[in-house]
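Q: Residue numbers (our numbering), protein chains in the order written: chain A, 1 to 454; chain B, 1 to 248; chain C, 1 to 196.
Note that these hints are calculated values from the structure, not bench results. We treat Cβ as the ideally placed atom computed from N, Cα and C, and that holds for glycine. Check each hint, because a few of them may be wrong.
Chain C residues, not near chain A, derived (Cβ > 10 Å throughout) [as the list claims (entries may be wrong)]:
1) 7
2) 13
3) 60
4) 89
5) 185
Quick look at which bits of chain A chain C covers, simulated, 3 or more residues with Cβ under 8 Å [stated by the list, open to error]:
6) 23 to 31
7) 75 to 86
Covered stretches of chain B, as calculated for chain A (at least 3 residues, CB under 8 Å) [unchecked claim]:
8) 5 to 13
9) 144 to 154
10) 192 to 201
11) 223 to 233
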Amino acid sequence: MGHAESAALFVRDDARVHWHDQAVWWVRQKRDAGARSVPDWEALRERAEAIKAHTLSRLGDYLEEFERNATARGATVHWARDGEQHNRIVHRILADRGVKLVVKSKSMLTEECGLNPYLEARGIEIADTDLGERIVQLNHQPPSHIVMPAIHLKREEIGGLFHRTIGTPEGLTDPGALTEAARQHLRTKFLGARAGMTGVNFAVAETGGVVVVTNEGNADMGTSLPPLHIACMGIEKLIPRARDLGVFLRLLARSAVGQPISVYTSHFHGPRPGGELHLVLVDNGRSELLGQGAFRRALSCIRCGACLNTCPVFRRSGGYSYTWLIPGPIGSVLAPARDPVTHGSLPFASSLCGSCTDVCPVRIDLPHQLLRWRRELVARGQLPPGKRLAMRLASLVFRFPRLYALAGRLARWAMRATPGLARALSAGWTRQRELPVPPPESFRDLYRRTLGRP
Amino acid sequence: MTTVALFVPCYVDQLYPGVGMAALRVLERHGCRVVFPEDQTCCGQPMANAGCADEARPLADRFLRIFAGYEYVVAPSGSCVSMVRNHYQDLVPDHPGLERVKGSTFELCEFLHDVLRVERVDAAFPRRVGLHRSCHGQRELRLASGSERVVEPFDKVKRLLATLRGITLVEPERADECCGFGGTFAVAEEAVSCLMGRDRVAAHERAGAEVIAGVDASCLMHLDGLLRRAGKPIGVRHVAELLAGEEG
Amino acid sequence: MAAREEILAAVRRAAPPVREHPGVGGLGVRFPDPAGTFAETVAAVGGTCLRVADLAAADRALRELPVYREARRIASLVPGVGAGTVDPAAVSDPHDLEGLDVSVLPGALGVAENGAVWLEAGAFPHRALYVIPEHLVLVLGAADVVSDMHQAYDRIAVGPGFGVFVSGPSKTADIEQALVIGAHGARSCTVLLTEA
Chain A
1 MGHAESAALF
11 VRDDARVHWH
21 DQAVWWVRQK
31 RDAGARSVPD
41 WEALRERAEA
51 IKAHTLSRLG
61 DYLEEFERNA
71 TARGATVHWA
81 RDGEQHNRIV
91 HRILADRGVK
101 LVVKSKSMLT
111 EECGLNPYLE
121 ARGIEIADTD
131 LGERIVQLNH
141 QPPSHIVMPA
151 IHLKREEIGG
161 LFHRTIGTPE
171 GLTDPGALTE
181 AARQHLRTKF
191 LGARAGMTGV
201 NFAVAETGGV
211 VVVTNEGNAD
221 MGTSLPPLHI
231 ACMGIEKLIP
241 RARDLGVFLR
251 LLARSAVGQP
261 ISVYTSHFHG
271 PRPGGELHLV
281 LVDNGRSELL
291 GQGAFRRALS
301 CIRCGACLNT
311 CPVFRRSGGY
321 SYTWLIPGPI
331 GSVLAPARDP
341 VTHGSLPFAS
351 SLCGSCTDVC
361 PVRIDLPHQL
371 LRWRRELVAR
381 GQLPPGKRLA
391 MRLASLVFRF
401 PRLYALAGRL
411 ARWAMRATPG
421 LARALSAGWT
431 RQRELPVPPP
441 ESFRDLYRRT
451 LGRP
Chain B
1 MTTVALFVPC
11 YVDQLYPGVG
21 MAALRVLERH
31 GCRVVFPEDQ
41 TCCGQPMANA
51 GCADEARPLA
61 DRFLRIFAGY
71 EYVVAPSGSC
81 VSMVRNHYQD
91 LVPDHPGLER
101 VKGSTFELCE
111 FLHDVLRVER
121 VDAAFPRRVG
131 LHRSCHGQRE
141 LRLASGSERV
151 VEPFDKVKRL
161 LATLRGITLV
171 EPERADECCG
181 FGGTFAVAEE
191 AVSCLMGRDR
201 VAAHERAGAE
211 VIAGVDASCL
221 MHLDGLLRRA
231 GKPIGVRHVA
241 ELLAGEEG
Chain C
1 MAAREEILAA
11 VRRAAPPVRE
21 HPGVGGLGVR
31 FPDPAGTFAE
41 TVAAVGGTCL
51 RVADLAAADR
61 ALRELPVYRE
71 ARRIASLVPG
81 VGAGTVDPAA
91 VSDPHDLEGL
101 DVSVLPGALG
111 VAENGAVWLE
121 AGAFPHRALY
131 VIPEHLVLVL
141 GAADVVSDMH
151 QAYDRIAVGP
161 GFGVFVSGPS
171 KTADIEQALV
181 IGAHGARSCT
191 VLLTEA
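All chains, please: the whole structure from these sequences, using the hints.
A: In C-alpha cells form, the structure reads like this:
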C-alpha cells in the first residue's frame, strides 16, 4: 500500500488522528521555544549546512583521517558496503566472543540494516534500551518516528503491553510508573549484557572519536558496563573537527525536542581499559546518493526529526503510513533513492508546504527534492497513464489561448448544465468538498466586456 | 505612471474572475496603469507540481515570452508567482528572458508593500477576518516571517489588511499551517488533504472569523469547498477583494 | 579489505566540487553572568544547582541533601566533599557499582546555555560512575563556567580519553510525551557550584 491508501486508513479514526497530530505538534512547539532562545539560530543553521556541505565534498579524506585517528586510539574500524555486510561484521564480532546478550541504544542505521532479526535468527538476544525502542520491540513493531519511536501508542496500550511482557500490574498506565518498571527490567539487561551497541550522532575526523547523545543514559549504561562496545554509523556522520560539535550540538536537541542539549553527550575515543571498541562504517547506498547532485544534500541530515514534527501530513498519517523505516519529509527523499518503485508514493505524500526546510537544522532543501523526485518518477514512467495523458492534454490546450478559452467556457457550461456528471467526474474532489460555483464569464470575458479594451 | 502587466492565474480566470477584477481595481486605485496581455493562459505550475516537467516547459517558455517586455508583472497568487521566481530556473534555466521576468514578477500584496510602498489602503472591510497564510506566499516568497524561523517578525499581507477601515483581524492557532490543497495532493491524498482543510477551518472558527482571506485562490477553493459541504456560514474571500473593499 | 577500498573509491568518484569549511567563528552567546545563568539553566533542565563558597561549604551542603542523607552506598571522587562508603578504585568490576546511591564527581567545565557539565570520566576509576548511581552530585567551580558550547570546545580536550557532557538528571518522554525524570541514569542531578 502506498502512502495515500495507508493514510486514508489512519485518518478514519478521527479522535486518534487528532491525538497523534496534537502530540507531535506539541514537540514542534517545544522546538520553536528552543530555537527562539538562541539569538544566532539562523546563523547556526547556515553554518551547519556549510560544514556538512564541506565535509561531503571531502568525505574520502575525512573518512581516512577518522580511521587513522580512531585506530591510533585503539578502536577497530570496519567497513561495510551494505546492510548485509554490516550484519555479518557485527555478528562475527559478537559470535567470536560468545556474546549471547547485547544491549543497544537507538540506531536507525541498525534498523536500516535489519540487524535485530539477523542476530536473533542466530541465537543472540538483542535488547533495545531506549524506552520508546524497547516498547516497540516488545510490541513487535518498527519505530514510528526516528526520535520518539512509540509516539503512536497511548499509555493504556503501553500499560497493557508491559503487563503482558514484563509483568507490570494490570491497569497501570501512569508514565512515571511504567518508566520505572522499564528501568528495573532493562537494568537486568544492562548488567547481564556482554556487549553494548550504539549508533553514532557525530564521528569526528580530527580526533577519531564518536559522539553519542541520549536523554535516558542508556548508551552510557550499555557502554560502561560490558567490555565490548560496537558503534555503527553511516559514512555521512563525519564532521571534520571537534570544534564543529559546538555548532551541531547547539542545534540538535533543540531541533528534536526543544531541549538546550541532551542529558548525556558522550565522547568515545578508543576502548575502556581492558575493553574493546569496534566502529562499523556503513555505506549502503550513501556513496551513490553522494553522486546525485539533486539529492546529495539529504546526506547532511542529523536525524533530529524536526521535519517529521512540523509536517502536517506526517502528523495526520503517522510513521507507519510511509513505506520506509524513516518517515516524513526526510524519509520521503531518502527512500526513493533506494527503491523508486516501492517508495514511489512518498514524494507525492506532501502538500509541498515548505515548513520542513525551515525547521531543518542543516537547511536541507526538502521541498525542492520532493519536487525533483516527482520529476524523476514521472520520467521513469511511474505516473498512472491517465494522469500523464491529462497533463499532456492540459499542456496542449494551454498553449493555444483561444482553445484554452473555449475549453474553459465548455467546462464551466458543463458544470452548470450537468452538475451531477461534473461531480461524478471529479469524485476525488467532490466526495468531501463542494465544487466552486462556475461563473458565467471568465476574467478575460469580463475584462473585454466591461473595460472595453481589445 | 507605473505600468503593470496583470498575470491572472488560469483557475482565477476561469473560476474566480472577480479576484482578477479586484486585483485590477486595487492596482489602478494605487496609481498603476494595468494592461492584460491576453495571450496568457497558465504558468505551468499544475504540470510541474505533478512532476510533468516536459508538459510544464512549453508553458514556462510561453509565459516568459509573453511577459518579457514589462517592468512589472503582478498576480493575485503567491503560488504562481513563486513558480516564476523560484521554479522556472529548474525548468528553463537557459531561457534568455528568465532573469528579467523573475525580477519583474510580484504577488499583489508584496507589490503594494515593497514596490508601491502603500502605507494605508483606502477601503473598508468591516468584518472579522482570519488570514490564511498560503504556503508558497509564506515560505517561498517570504510574504511574512513565518512561525519556523527566528527572524524579526513581519507580515506584509497582514500589515496591508490591518489598514482597512472597520476590519478586525483574528489569529487562528497554528497561524501558518498548510490547508492541504497542495495541487495534485488535494485529490491524490484526499483523506489527509481534507482533514488538513477541516482543521484549518476549525481553527478559524475558534478564533471567531466570519471571513477567511488569503492570497491564493487555490487554497481558498479548497477551504470554501469544505465549508460549503459542511454548511458553515464562514465566507472565503481573496485578499484582493478585501483590498478593493468588496464585502460581497 | 575490499569494502574499504570500494567505499573510498565510490565516495571520491561521487564527491561534489570542494566547498571550503566556513569555520566556527562569530557564533554564540555571551552571558554577563555565566555562573548565574548556568544555575538557572540547571534548574530548568530538572537539576538542582547550589551555590557555595568553597569545597568545605560544598561538603556541608551535600550532607544536607535528602538524597545524601538517605544514601547508604556513596562514592566520592572529590576529596573533602562527601564521605564515600565505596572506594571506586578498589572496585575491579563496574557491575559491582550497581546499587550505588550517590556519586560525587568533579566537573571540569560548565556551560551556561544548557546547564551541562563536562566530566573527564575517562580518568575516573570507572566511567559508569556518572550514570549508574541513583543520584548524581557534580562539583564544579564557578570560574569554570563558560557561556556556550563554542567556548566549551575551545577549552576542553576532546580525546584521547572518554568525556561526557551531563545536563540534569536522566529523563524520557517516550510515553505520550509525558516527561518522566529518571530513566536509566541518575534520578537526580545536583551541581555544587563553588565560588572558590
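Q: The structure should be examined with respect to each hint, and the outcome stated for every one.
A: Now for the hints, and whether the structure bears them out:
Residue placement check: residue 7 of chain C does not keep its beta carbon more than 10 Å from all beta carbons of chain A (closest about 5 Å). Under the 10 Å C-beta cut-off, the non-interface status given to residue 13 of chain C relative to chain A is violated; the minimum distance is some 7 Å. The claim that residue 60 of chain C lies off the interface holds: its Cβ sits roughly 28 Å from the closest Cβ of chain A, which is beyond the 10 Å cut-off. Residue placement check: residue 89 of chain C keeps its beta carbon more than 10 Å from all beta carbons of chain A (closest about 13 Å).
For residue 185 of chain C, the shortest C-beta to C-beta distance to chain A comes to about 3 Å, within the 10 Å cut-off, and the non-interface label is violated. Note: the region 23 to 31 of chain A has 3 residues with beta-carbon separation from chain C under 8 Å; the three-residue rule is met and the coverage holds. Counting residues of the region 75 to 86 of chain A whose CB falls under 8 Å from any CB of chain C gives 4; the rule of at least 3 is met. Using a Cβ-Cβ cut-off of 8 Å, 4 residues of the region 5 to 13 of chain B lie near chain A, which meets the minimum of three, so the contact claim holds.
As drawn, the region 144 to 154 of chain B meets chain A at 6 residues by the rule of a beta-carbon pair under 8 Å; at three or more, the given contact holds. Three residues within the 8 Å Cβ limit are the bar, and the region 192 to 201 of chain B against chain A gives 7, so the coverage statement holds. Counting residues of the region 223 to 233 of chain B whose C-beta sits closer than 8 Å to any C-beta of chain A gives 5, which meets the bar of three, so the coverage hint holds.
Checked against the numbered hints given earlier, this structure breaks hints 1, 2, 5; the rest are met.
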